[in-house]
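Student: Add chain V to chain A, keeping to what the hints say.
Going line by line, the protein sequences match chains A and V.
Just so you know, we're using my numbering here: the first sequence kicks off at 1 and counts up by one.
Just so you know, we're using my numbering here: the second sequence kicks off at 301 and counts up by one.
Keep in mind the hints are simulated off the structure, nothing from the lab.
Heads up, some of the hints might be wrong.
[What the hints assert, rightly or not] Here chain V is said to cover these stretches of chain A; the calculated rule only asks that three of the stretch's residues, wherever they fall, bring their Cβ under 8 Å from a Cβ of chain V:
id : segment
1  : 36–49
2  : 124–130
3  : 142–149
No residue lacks a Cβ here, since even glycine has one placed at the ideal position from N, Cα and C.
Number of protein chains: 2
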Amino acid sequence: MVFGAGGFIGANLCLALRDRVKELTGFGRAEAPVALRGVPWVRGDFTDPDTYDSALSGCDIAVHLVGASTPASANTDMVGDVINNVVASLHFLDACRRHGVKRVIFVSSGGTIYGVPDVIPTPETYPPEPITAYAVSKLAIERYLSLHRHLYGLEYRVLRVANPYGPFQSAARGQGVVAAFMDKALANLPIEVWGDGSVVRDYVYVTDVVDAIVAAMTHDGPSRVFNIGGGRGHSLDEVINAIAGATGRPLERREKPGRIIDAPRSILDISRAQAELGWTPRTGLKEGLAKTLAWRSDQT
Amino acid sequence: MVFGAGGFIGANLCLALRDRVKELTGFGRAEAPVALRGVPWVRGDFTDPDTYDSALSGCDIAVHLVGASTPASANTDMVGDVINNVVASLHFLDACRRHGVKRVIFVSSGGTIYGVPDVIPTPETYPPEPITAYAVSKLAIERYLSLHRHLYGLEYRVLRVANPYGPFQSAARGQGVVAAFMDKALANLPIEVWGDGSVVRDYVYVTDVVDAIVAAMTHDGPSRVFNIGGGRGHSLDEVINAIAGATGRPLERREKPGRIIDAPRSILDISRAQAELGWTPRTGLKEGLAKTLAWRSDQT
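Just chain A, same shape as in the assembly:
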């Protein structure tokens, strides 16, 4: 059962899983996206466990992709962020325990959880020093997962995903610069850049993320927390140029001051996932952007 199945990563995951698992159920706030028609679907509110409780019965693996806030919104409403993410996840874990779910996969935030690390690429063992409430609540959920394993034997894996991009990513939902800048490029509108474009991020194509989730569903090694990234960093300038190249539209920039919630550089050390999950990112930025553009063309 995939929670947050109508979202960016969720839709991609459901498409990949629909022919690969015995039974798949999607859970989302809205109706299933058109692409997921035919996938058994439960509509509900993640903060209200009654809306998914009976659907969890008989479920072996629950994938938790629900994120009720963004790094920016969480800081302006930390209480809401805790209630909608941490408390809702505690209810979710309790339901998983009651229904005998065997494993929970949680997608956490590799891009924010370490804060401003002085080790780059950053390994999972780096002590997290979040500078956003968004990351504090993700980290708390990770700890409650560990606790539920300790207390109740509920198995779990955490994937700390860097900056994912690709099909189904929505600029309207504030889901990342690639979707936002692509929208603007295709509409011939200027883009807004926080800071001077030198900020480095670790971009990972969404089907690579999906592959990691699938590997984590059956993983049986000693580690339970994995960084999932593209294996290298790209400056915002590089991304902007790559989008301009892929779309064939030069992008006009409007610079805004850098944000206090942005680390200057974030690149994940993915060697643990490579060694233990037998996983590696296969799609480079240029190829990923081309695929994303191709998907967008198919939608119109």
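Tutor: Below, chain V alone, put in the same frame as chain A:
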């Protein structure tokens, strides 16, 4: 202003501060304890910021000692633990920010936050691996403190206190084995011991904790998180024998199975506090137990 002023550490702190600071206000759920009569007092519920908001006006330093759960109770009601501790602390930090409080001191849990560490004595840099919801929420509050400094410049210090004991500790409130065992010894009742008595803890006398809080109020060094412990470990057997010695009553034991929430050994590395706060524990276990007994005699 001391939050949780009527509690174990709070009462000791207020007694120490009443003649040392310009203005002292205590905040607690109940009336001020008899010993604190004369200290300006605000009664209210920490989860309801309206009850203390106006009292924070003009306050320079707020000491947060409120704990709404115990390691055992937090695990059975994780949602309640998050609401009453984490969410309440977020409201508190927001009020501190609005009122221009200069510094927050938060007493965290040195005995539970590291989980089952493989480095003993355990330094502050050890990656926390909580095995109780109690510790997960303490850690989340620590992170929100760091975040409020990052975002709003609200200064803070965290004291991760080991197992404090001494005057005002209450067995009825589930505040630790020393008070519980002393109660039983003086009442000639058998004590209940979880596990075989080999569990090692780091006991610290409460006036030593108070000294550390006072030092943290004006500390100006690079670190913001400090372990506060007794500097050595004692097995439960040692504590039981020491209480028997101090009270002159042999203690009859009833052994119960070890609890899953108890680490076998917990001793804090306090060298950072010794170096940076100019603080060191001055009261050994035997002396501390004698003082605690003397205080109890004065109460009756």
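Student: A separate judgement is required for each hint: does it hold in the structure or not?
Tutor: Quick rundown of the hints versus the structure:
1. 36–49: violated (count 0)
2. 124–130: holds (count 4)
3. 142–149: Satisfied; 4 residues make the cut.
In summary, the structure is inconsistent with hint 1 from the numbered list given earlier, while agreeing with all the others.
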